[in-house]
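Enquirer: Listed below, chain by chain, are the residues.
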Amino acid sequence: MTSIFKRKHLFYYLAIIPSLVIIGLFISPLILTFYYAFTDIRGNITLGTLNSVIADPVFSASYMRVIIYFILNILIKFLLATGAALCLRHPFKGRRILSALNFAPYAFPMIPLYFDWFLMYHPSWGVIPYMIRSLGLTPPNFLTDPNLAMYFVCIAHAWAATPLWTMIMTCGITSVPEEAYESAKIDGATPTRMFFKITIPYIKKYLLMNALLSCIWVTGEVTSVWLMTRGGPGTSSHILASYAYLQLYTGYYNKAAAMLTLGIPLVVFLMFLLSRVLAMED
Amino acid sequence: MLEVKDVSKVVDNKAILKGINMKVYEDAITVILGPTGSGKTTLLRIIAGVEEPTSGRIFLDGKDITDLAPKDRNVAIVFQEYCLYPHLTAYENIASPLRAAKIGEKEIDERVKRVAATLGITDILGKLPRETSGGQRQRIAIARALVKDAKVCMLDEPLTNLDYKIRETMREEIREIFKRTKGKIIIYSTPDPLDALLLADYTCVMRNGVIEQMGKNKEVYNKPKNLFVAKYYSYPPMNVIIGQIEKLNGKAMLKTPWFKMSIEGWSGPLNKDVAVGFRCEQLEIVPAGSKVDMKLPSDKLKVATVHRIGTEHLIQLWTADKNILYALTPGDVRLEVNETVDVLFHIDKLWLFDKETEEFLGRIYEGSAIHD
Amino acid sequence: MVEQPRGIRNLFKVENIAKALKALYLIFYTTFMLFPIIWMVSGAFKTDAEIFSKTPTIIPVRPTLSNFLPPKMPTAMWRWLTNSLIVSVSSASICSLIGLFGGYAFSRARIKKFKVFLNLLMIAYIFPPAFLIVGFTRLVNFFGLLDNLVGVILVYVCLQGPYNIYLIYSYMAAIPRELDDAAEIDGWSKTHVLFRLILPLSLPVIVTAFMWTFMMTWNELIYALVLLNSPSNLTMNVGLSSLQAGDISPYGVMFAGATVYASIPVVLFMFLQKYYILGLTRGGVRTA
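Residue numbers (my numbering), protein chains in the order written: chain G, 1 to 282; chain S, 1001 to 1372; chain U, 2001 to 2288.
Next up, chain G with everything else stripped away, as it sits in the complex (with noise of 0.2 Å):
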């Protein structure tokens, strides 16, 4: 190679040194979690605290939960955004200003706003026990039910993201296009049989991996429960990400690397899919 061209990409690989220096920094605290999951609390290779993480009931419990954590989190993003990207398609009298205002979840900061939603499921002073009692119906023990409590904490969470699922939707549904309608509407389709057998084979790869992506980042939700309910009543609100969590903020980072280590596969699994999503044809 000529010099001049060996100087170019000198340059290069320089350039991208901090950006290794990155990618091995995020690999490294992997690696790092691994080791702490086949140790013990005196640095003993083991499989001792492997084990006692899979025999704990609430961690198996955890491991579900996040399941459906995730699976409900998806499907009210999804449902209130597709209303909301439907009906905000076609443009009215102050649409820009409506859009804009409903982006205001997701642009204000969450941590306050899990208080907030503490505050209004609060049975005693809460506004949203207070309304619906004044409806006549006894409202439900928001955050202090254990069989409740997760979906409560997942309803807050997935309101927060709503705005930015609206925008995806939106994307989705005007990136079809017309002739496609059109065609339907000469054949005399519906509105909704037009919403089923059009817009969501065109967009099934975009939405799937939206979906899929979503999902990946909600089994590291810790957030939301640990604000909320602190993984209560009991352990009865602990997802996957949370539990260990707890075990870290108690000073057990063996236990939390476990079950971290453990929750891994589950992360593989998601990932895998979206692979096969990419690789769908357009």
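If you're looking for bench data, these hints aren't it; they were derived computationally from the structure.
Keep in mind that the hints are not guaranteed to be accurate.
As the list claims (entries may be wrong) - Distance condition first, Cα-Cα at most 25 Å in a straight line; then the derived BS3-like pairs of lysine-lysine:
#1 S:K1255 / G:K6
#2 G:K93 / U:K2019
#3 U:K2019 / S:K1151
#4 G:K93 / U:K2112
#5 G:K8 / S:K1005
#6 S:K1255 / S:K1231
#7 U:K2112 / S:K1014
#8 G:K93 / U:K2013
#9 G:K204 / U:K2022
Using the hints provided, position chains S and U relative to the given structure of chain G.
Expert: The following block gives chains S and U in isolation, referenced to the frame of chain G:
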């Protein structure tokens, strides 16, 4: 003089350039003519120094510049896509090479304004590229190349991205601008044979990464080395019919479906299938009603298409064996598609090529073989 | 047959029913989206008595600014706000810088090996950050950077860096490499090409990448929570959650702090928009 020695470029096991050897002289416009994919742009980029040859060297005035950075090579290039800096004004675009060389502000201003005047773009110096038209952008690109006053100035398909209406005028302007420069080596690459015909002092015909022929313009035109050069470097395209050379009574005879002629002094091979080439001016369409000169070979052929070129019409005609022949008619002659017309073959000048190898066999002028 | 007046006929037309349904849904949707926000902002102006009253109202009956002022607002809150600002701005800046260099190298170099790293970047972006928390906390501990904003910044850079690089890379890939060649032939050095050609043309994506990293770190909790300890070192999120005291947390104060906290990114974005638009109007990469 710029010398390219044995330059090859292989990318992903595909040979883009194979053993290119050429000498380019100063005070002349050298046109590299070739279809898309023949490697013209790659060759120019290698000479400029932004692409690396897999093997081979480049010499400028005897000095090996292969290992030098582009800025040390004394070359300038106008890219096919102009490649103007979108965020800088035309003035800044043109001044760019001078600024890089850390030339003083006053001199930069002088030189930029001078070059801008030559190209007639003084009034748009303050504009951004996106605020100008295609033709103006090209002038800015040319100005940027000229302001460097480099020894080698290369233009990569300068007319390809222009509206066809502007192409004619731009070609003329380019000729004017560069004919006025002194001591420069000018290389112009194009897929359009007309550019070479009208601009070139030297023509280099390339195909598939190889130089098919290179030489003085007229030479390449009149003495094409093979059928490809003959057909490609011709505007409109050359007519080619198939014939045979046989030996008859000790003399060489050329036989074609339309005529037989004996060739005096033929030293080439006998008993061969040949491709016979003649220019489209040599195919005359006889106006309806006129008398056909019986001395010339003739035929009735059907019109395939009619194209207007400038003030004339280019007619494509079907032969019996579904071959296409080209003829020119004056603009006032109106012909219809599928009309059958009388044509005369003016076979005073013929080029003969081996039908198999497509190599040049010889030229025939009025029945005699010409030896060069 | 009596002709029904136009109005009633229209009422039952399918299009109008659809329009009505759409309007209904939008009312429901907008209410659902905005209500919690309005609740929070109004809560910032409520006294504790009102917040904990059995009959809450949207508009405070007796609005007050006491939540914004000492003694109710802890002085530490301003400290937390500053810390968050330091962390987010630093992380975003470092990430953008790394992205600038990395994006440039990835988009320009025709080196085959780089493709592998590009894929790794994508995977790093998708991978949920929570799974690395054990590894990172131990690493930070090892380097003695616990309870230190620098530790947090470094971790955030590792977490957000890959996305920055990828984002900036995809944008730069659309800037034709021939522009680089033209600059090289003009005689400019590679560094100059990066900072005076590619950077100005990439302003929109760099601003986007900066804002993205800023927002991600602005909203981040779990890492900051385990990496920071002393009250004066906390970021706003951690600080707010430290105020949490079971059922009876000082919501008014938290919401007041949150309102201030939420407005800072807005101000930042309005400031950066100038550069974003500047880059867009200049760029139009397809003009050369």
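Enquirer: If a hint holds in the structure, say so; if it doesn't, say that too.
Expert: Now for the hints, and whether the structure bears them out:
1. S:K1255 / G:K6: Given that 25 Å is the threshold and the Cα spacing comes to 61 Å, the pair is violated.
2. G:K93 / U:K2019: 13 Å, holds
3. U:K2019 / S:K1151: Judged against 25 Å, a Cα distance of about 72 Å means the pair is violated.
4. G:K93 / U:K2112: 52 Å, violated
5. G:K8 / S:K1005: 24 Å, holds
6. S:K1255 / S:K1231: 21 Å, holds
7. U:K2112 / S:K1014: 17 Å, holds
8. G:K93 / U:K2013: Between K93 of chain G and K2013 of chain U the Cα gap is close to 22 Å, so the pair holds against 25 Å.
9. G:K204 / U:K2022: Holds: K204 of chain G and K2022 of chain U sit about 24 Å apart, inside 25 Å.
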